Amino acid sequence: MPETVLETHALRRAFGELTAVDDLHLVVERRQFYGFLGPNGAGKSTTIKMLTGLLRPTSGEIRILGRDLEKDSVEVKRRIGVVPEGLALFERLTGAQLLTFSGRMYGLDRATAAQRTTELLEFMDLADSSDKLVADYSHGMKKKTALAAAVIHGPEILFLDEPFEGVDAIAATTLKRLLQRFISRGGTVFLTSHVLEVVERLCTHIGIIQNGKLVAGGSLDELRTGVKVAGHDHSPLTLEEIFLQVVGGARQPEEVLSWL
Amino acid sequence: MLLLLRVRWQLFLNSLRKRNRRIELLVQSAGMLFAAIFVLGIGAGFFAGALASIRMSQIWLLGILLWVVFLMWQLAPILFEGYSPGINFREIARYPVSFRLYVVLNCAYGLSDPAAIACLFWMLCLWLAVLFERPAWSLPAAGILLAFAAFNVFCNRLLIGLLERFQSTRKGRERMAVILLVLMVTPQLINMTVINWDRMSGAVAPAKSILYGVAALNRLSPPGAALAAISGDGGERLTATLCLLGYMGVAALLLRRQARAVYLGEIYSDSFRVRHELKVEPGWRVPGLDEITSAIIEKEFRYLRQNARLLVQLVYPLVIFALLFSSRGATRRAFPFAGQGSTAMLGMMAGFLMLSVANMAYNVFGLDREGFGRWLLAPVKLQNIMLAKNLTHAILFITMYTVVAGVMLVFNHVPLLQFAGITVSFITVLVIQLGIGNLFSAWWPKKVDLSQMSSRTVSNAAGYASLLVIAPVGILAGLITLASRYLGWTWLPLVAGLVLLAGAIKLYFYSLNRAANYIHDHIEEIEQTLAK
Chain A
405 MPETVLETHA LRRAFGELTA VDDLHLVVER RQFYGFLGPN GAGKSTTIKM
455 LTGLLRPTSG EIRILGRDLE KDSVEVKRRI GVVPEGLALF ERLTGAQLLT
505 FSGRMYGLDR ATAAQRTTEL LEFMDLADSS DKLVADYSHG MKKKTALAAA
555 VIHGPEILFL DEPFEGVDAI AATTLKRLLQ RFISRGGTVF LTSHVLEVVE
605 RLCTHIGIIQ NGKLVAGGSL DELRTGVKVA GHDHSPLTLE EIFLQVVGGA
655 RQPEEVLSWL
Chain B
505 MLLLLRVRWQ LFLNSLRKRN RRIELLVQSA GMLFAAIFVL GIGAGFFAGA
555 LASIRMSQIW LLGILLWVVF LMWQLAPILF EGYSPGINFR EIARYPVSFR
605 LYVVLNCAYG LSDPAAIACL FWMLCLWLAV LFERPAWSLP AAGILLAFAA
655 FNVFCNRLLI GLLERFQSTR KGRERMAVIL LVLMVTPQLI NMTVINWDRM
705 SGAVAPAKSI LYGVAALNRL SPPGAALAAI SGDGGERLTA TLCLLGYMGV
755 AALLLRRQAR AVYLGEIYSD SFRVRHELKV EPGWRVPGLD EITSAIIEKE
805 FRYLRQNARL LVQLVYPLVI FALLFSSRGA TRRAFPFAGQ GSTAMLGMMA
855 GFLMLSVANM AYNVFGLDRE GFGRWLLAPV KLQNIMLAKN LTHAILFITM
905 YTVVAGVMLV FNHVPLLQFA GITVSFITVL VIQLGIGNLF SAWWPKKVDL
955 SQMSSRTVSN AAGYASLLVI APVGILAGLI TLASRYLGWT WLPLVAGLVL
1005 LAGAIKLYFY SLNRAANYIH DHIEEIEQTL AK
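Residue numbers (the numbering used here), protein chains in the order written: chain A, 405 to 664; chain B, 505 to 1036.
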């Protein structure tokens, strides 16, 4: 029987009068590659922040790896890895120092942290820049460093907020290789992304959020079965078609800027 | 130009949307009021000084006033470059403006600098004095002063351009901030050395002859040429005017050349050495502390080591101590308590060191910036993280105190009981400052940008709050010392210090928990403040 590793019940977060996430029920099972999609401002980042302890929910419950995040946050954090929206890197450390530091913060001893740092820097093609300050890295290098920092302690679940945004094709390939390897070893990935092609290729399960509510969820095949697009032939729907149908975001040609 | 001013105004208005910024504005407004009073006062001084120098036929004094204008115009905008809000002039070249308009805007922007406005006002005061006292000079003087102003604008924009070029790389910006800080503290150190001049009187005679030699060359300088063009005889006046116009022309040509390069898209960037051999150090292990605390302390020290500005601020009390320790008489008397015996001097140095604590302890997350979120992602309680940060700061200040106290103990023979009393008091105040500092770090976090001279290490509010915290503690320490002397109880400072230390430790842990809870309740707000 599949093991549930992430579960939310009636999760809600309000900022004053704005409800960013409303009555969210999510279930993610081990070894799933879960893509969490939605238009800008839909509540994706707010959700991932709540799931990783970066933001307190207004109400509702989050259970990760069978533990209540609110009550057992330190233990949960020990078993997850996160690439947050702003990457949260200590940019005045070198890449090597940052990774060693991250490993030790998760309880690795110095020798293990140094060993894994070496391997990760090699894997991520960052070895030549290992003694450069992270502040002087390019955006793609920072993304790879953030991902390396998220996996150095061997987490069971990875939370990634827009991991492919602003990353070139070479870096994206490296990231994808790492994530696929992680899944094949029994890990679970929960990611948000705007790059639907990547999500379609990588993710086994998808949730779509709009205006803070989960409006569609399931495997890609389940979504294809559930969504009907008017006038569409019998070829399988792409994720983009499903997404646009669900969130209703496609503009008619006449709506496009007339002067451009 | 109007569009630029409007953008600047909008940036200013937008910055006021946050409560912290509004309070900062109030504090800055008070500073601006003082600056305005200062400029008006100096202007009155210029008028009176110029009037008197012409009346008493001491025309060379006008030269000094012109030198003041020249130095102020050239140096103040550089010193305060980081303090001006928002527009990197280089960016204007991206917009569809002609090169000619770009140069005009560049100069107009320079004229809108507060230092330039102050200098123009002072030159007006000087000219009014000429008008009153020597009306015949006033018309040519107006032309010469305008040429002098134009030269100053060109020269200043040229220097600012060079500064922008230097600051277009991260390393350049950080080095510049340190250079400026050293420039700012140097006059005080020179002053202390000069007070101690009586011990070095043999050096006065050669210094005087050098000064006379330099003064003879003054005629060739821009302020000297301006003075000669206003007050010289027929032939001298013409030569001086040509000299001043020559300076103006050269500055204009150089500025044009520099502006052209920027306009055509000249960019600069950091370059790096590529390392081919990967060698990862395992990190520090601080004796007696666990792996996580050691890692945090290592990270904090690595950050401190790169913060050259803070290092200069930390070294400064030690330099003062070295000067005080190596001097006698006037230099020591210039510092409160330093001239009243070795115990008083140790107490004074302990207090002086304590003043620097706020720079670090009242904004413990300031340098972490975007990295702040990583503390929250880590499987470590926030209290432990802040405790480790405080330990780093405590290690640093206790080491500095140990250096000072060690020297005083060995060479100035401070009585042991009094030494113990001062040491316990130092640690007590340190613990209080660290504890209260944690609260202010949570309530008033401030992003610290090492490359910006204007970026303070703590918010203005927290800086003043630290003084409010230290003042009552200082008064209490003073009362205890007085009581000890009056009653003849030499043990009183030590015992009172130990009792207060126990209270301080309790207060520390209370404030640590309060700060951590506050941060958990305001994570997003703090994260945004530190990241933007």
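These are computed hints drawn from the structure, not numbers from a lab. For clarity, every value in this text was computed on a predicted model and none was experimentally measured. There could be a bad hint or two in this list.
Each computed DSS-like pair below joins lysine-lysine, with the alpha-carbon atoms no more than 25 Å apart [said to hold, decoys possible]:
| no. | chain 1 | residue 1 | chain 2 | residue 2 |
| --- | --- | --- | --- | --- |
| 1 | B | K675 | A | K536 |
| 2 | B | K1010 | A | K536 |
| 3 | B | K1010 | B | K951 |
| 4 | B | K1010 | A | K546 |
| 5 | B | K675 | B | K1010 |
| 6 | B | K885 | A | K536 |
| 7 | A | K546 | B | K951 |
| 8 | A | K546 | B | K675 |
| 9 | A | K580 | A | K617 |
Quick look at which bits of chain B chain A covers, simulated, 3 or more residues with Cβ under 8 Å [as the list claims (entries may be wrong)]:
| no. | region |
| --- | --- |
| 10 | 628 to 637 |
| 11 | 647 to 654 |
| 12 | 782 to 794 |
| 13 | 798 to 811 |
| 14 | 1027 to 1036 |
The beta carbon of each residue, even a glycine, is placed where N, CA and C say it ideally should be.
Cross-check of the supplied hints:
Among the hinted pairs, K675 of chain B with K536 of chain A is consistent with the structure: their alpha-carbon atoms are about 12 Å apart, no more than 25 Å. Under the criterion of a C-alpha separation no larger than 25 Å, the hint pairing K1010 of chain B with K536 of chain A is inconsistent with the structure, at around 42 Å. The straight-line distance between the Cα atoms of K1010 of chain B and K951 of chain B is roughly 29 Å, outside the 25 Å bound, and the hint therefore fails. With a C-alpha separation of about 41 Å, the suggested pair K1010 of chain B and K546 of chain A falls outside the 25 Å cut-off, and the hint is violated.
At most 25 Å may separate the alpha-carbon atoms for a hinted pair to count; K675 of chain B and K1010 of chain B exceed this at roughly 42 Å. Distance restraint check for K885 of chain B and K536 of chain A: the Cα-Cα separation of roughly 30 Å exceeds the 25 Å cut-off, and the hinted pair is therefore not satisfied. Proposed proximity of K546 of chain A and K951 of chain B is supported: the alpha carbons are some 20 Å apart, at most 25 Å. Distance hint between K546 of chain A and K675 of chain B is fulfilled; the C-alpha atoms sit about 19 Å from each other, no more than 25 Å.
The straight-line distance between the Cα atoms of K580 of chain A and K617 of chain A is roughly 28 Å, outside the 25 Å bound, and the hint therefore fails. Beta-carbon proximity to chain A at under 8 Å applies to 0 residues in the region 628 to 637 of chain B; the threshold of 3 is not reached and the given coverage is violated. Remark: the region 647 to 654 of chain B is not confirmed as covered by chain A, as 0 of its residues place a Cβ nearer than 8 Å to a Cβ of that chain, below the required three. Residues of the region 782 to 794 of chain B lying with their CB closer than 8 Å to a CB of chain A number 6, which satisfies the three-residue condition for coverage.
Here the region 798 to 811 of chain B counts 8 residues with a CB under 8 Å from a CB of chain A, which clears the bar of 3, and the coverage holds. As drawn, the region 1027 to 1036 of chain B meets chain A at 4 residues by the rule of a beta-carbon pair under 8 Å; at three or more, the given contact holds.
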